[in-house]
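Engineer: Residue numbers (the working numbering): 1 to 78.
Be aware that a few hints might be false.
The calculated label-pair distances, taken between Cβ atoms and stated as ranges, are [what the hints assert, rightly or not]:
(1) 73 x 33: 32 to 38 Å
(2) 76 x 36: 28 to 34 Å
(3) 24 x 71: 26 to 32 Å
(4) 33 x 55: 17 to 23 Å
(5) 20 x 46: 17 to 23 Å
(6) 12 x 68: 31 to 37 Å
(7) 36 x 75: 25 to 31 Å
(8) 36 x 72: 24 to 30 Å
(9) 54 x 34: 19 to 25 Å
(10) 72 x 15: 17 to 23 Å
(11) 15 x 55: 35 to 41 Å
(12) 33 x 58: 16 to 22 Å
(13) 36 x 67: 16 to 22 Å
(14) 73 x 13: 30 to 36 Å
Just so you know, the hints here were simulated from the structure itself, not pulled from any lab data. Quick reminder that beta carbons are idealized off the backbone N, C-alpha and C, glycines included.
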Amino acid sequence: VHGAPVHIGDPSLIGIADLSRPDYGDAVEVMPDEIPVFWACGVTPQAALAQARPALAITHAPGAMLITDLLNRKLASF
């Protein structure tokens with residue numbers, strides 16, 4: 001459901017000067033043998049959830065996404 005990454009590799013190529021100083025959330029350490037991977041921002045849905053105040057919402061923490069075995073078609077009714 002999340003979609004493909006918007007960028008893989010050198011953060012400076014998408015305007016990120018310093019991974020240790022994110023605009024939102026906590027910095028995630030990238031080890032020397034790792035390649036940074038970037039997805040669309042999670043801050044927008046978090047702001048929407050804060051405004052909507054649903055009874056239940058599952059989101060993420062920096063560097064820790066929720067992964068399930070549910071297929072997209074199973075989520076179509078939500």
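Engineer: Confirm or reject each hint.
Structural biologist: Against the structure, the hints come out as follows:
{"no.": "1", "hint": "73 x 33: 32 to 38 Å", "in the structure": "holds (36 Å)"}
{"no.": "2", "hint": "76 x 36: 28 to 34 Å", "in the structure": "holds (32 Å)"}
{"no.": "3", "hint": "24 x 71: 26 to 32 Å", "in the structure": "holds (30 Å)"}
{"no.": "4", "hint": "33 x 55: 17 to 23 Å", "in the structure": "violated (42 Å)"}
{"no.": "5", "hint": "20 x 46: 17 to 23 Å", "in the structure": "holds (21 Å)"}
{"no.": "6", "hint": "12 x 68: 31 to 37 Å", "in the structure": "holds (33 Å)"}
{"no.": "7", "hint": "36 x 75: 25 to 31 Å", "in the structure": "holds (28 Å)"}
{"no.": "8", "hint": "36 x 72: 24 to 30 Å", "in the structure": "holds (26 Å)"}
{"no.": "9", "hint": "54 x 34: 19 to 25 Å", "in the structure": "violated (34 Å)"}
{"no.": "10", "hint": "72 x 15: 17 to 23 Å", "in the structure": "violated (31 Å)"}
{"no.": "11", "hint": "15 x 55: 35 to 41 Å", "in the structure": "holds (37 Å)"}
{"no.": "12", "hint": "33 x 58: 16 to 22 Å", "in the structure": "violated (30 Å)"}
{"no.": "13", "hint": "36 x 67: 16 to 22 Å", "in the structure": "holds (19 Å)"}
{"no.": "14", "hint": "73 x 13: 30 to 36 Å", "in the structure": "holds (35 Å)"}
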